[in-house]
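> What follows is each chain in one-letter form.
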Amino acid sequence: EAQVTQNPRYLITVTGKKLTVTCSQNMNHEYMSWYRQDPGLGLRQIYYSMNVEVTDKGDVPEGYKVSRKEKRNFPLILESPSPNQTSLYFCASSLLAGEGVQPQHFGDGTRLSIL
Amino acid sequence: QQPVQSPQAVILREGEDAVINCSSSKALYSVHWYRQKHGEAPVFLMILLKGGEQKGHEKISASFNEKKQQSSLYLTASQLSYSGTYFCGTKGPNTNAGKSTFGDGTTLTVKP
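Taken in sequence, the protein lines are chains A and S.
Add 62 to a position in the first sequence, counting from 1, and you land on the number used in the numbering used here.
Add 133 to a position in the second sequence, counting from 1, and you land on the number used in the numbering used here.
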């Protein structure tokens, strides 16, 4: 089954304790992206990757890191989490075509609470 | 530049129609529409790539007016299953290909 898998689904942690949210897709998609969703604010892009070893900042990259060492994986790293990073996070992937990003497939989301 | 969606919320009875608008202050190259049900991931509905393009998916269709820098989503004879939050995602002609900017969403509630 074609899917984007995120882990963990839920996490409660404390300020300053490094954490990684994993994202894996099995559709051989070139493009992957991370979003955060806060109440009433829609989806805001954190980082994206057009292919292996190619990453770029979205609209809200501060406090986050990413890496793309393999095509299927795109982990999101919070080196020193703070309470303002409490949010619902989505990973997405898609094919790329001449016009750019094609329809994105989203993971089920990771709900992070930073105390 | 984040697109602006209107209305923010709409409540319908089954069988009624609704229109959701997505406007940008900058030129648009493409528009994506997604629906997100409560507690679930967003799901792709349709993509519009050319100015003036209209697409349909069952009783849900969309138009893209490049000159007006806006897109509209039309939900006809709404069903209970249409309830959810609808997001438009836009891309400008000079934007990096990977940048995705979404509106804040329109919450649609369909009542029996």
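It is possible that part of the hints are untrue.
[Unchecked claim] Derived BS3-like pairs: lysine-lysine, alpha-carbon spacing no greater than 27 Å straight-line:
#, chain 1, residue 1, chain 2, residue 2
1, A, LYS131, A, LYS79
2, A, LYS127, S, LYS232
3, S, LYS244, S, LYS159
4, A, LYS131, S, LYS170
Calculated from the structure, these hints are not laboratory results.
Predicted model, so just to flag it, every value in this text is computed and none were measured.
> Need the status of pair A/LYS131, A/LYS79: alpha-carbon distance at most 27 Å?
Answer holds: A/LYS131 to A/LYS79 is near 23 Å, not above 27 Å.
> Can you confirm whether the C-alpha distance between A/LYS127 and S/LYS232 stays at or below 27 Å?
With Cα atoms ~17 Å apart, A/LYS127 and S/LYS232 stay inside 27 Å; holds.
> Hinted pair, alpha-carbon criterion (27 Å max): S/LYS244, S/LYS159. Please report holds or violated.
violated (36 Å)
> For the pair we were handed, A/LYS131 and S/LYS170, check the Cα-Cα distance against 27 Å.
violated (32 Å)
Checked against the numbered hints above, the structure violates hints 3, 4; every other hint is satisfied.
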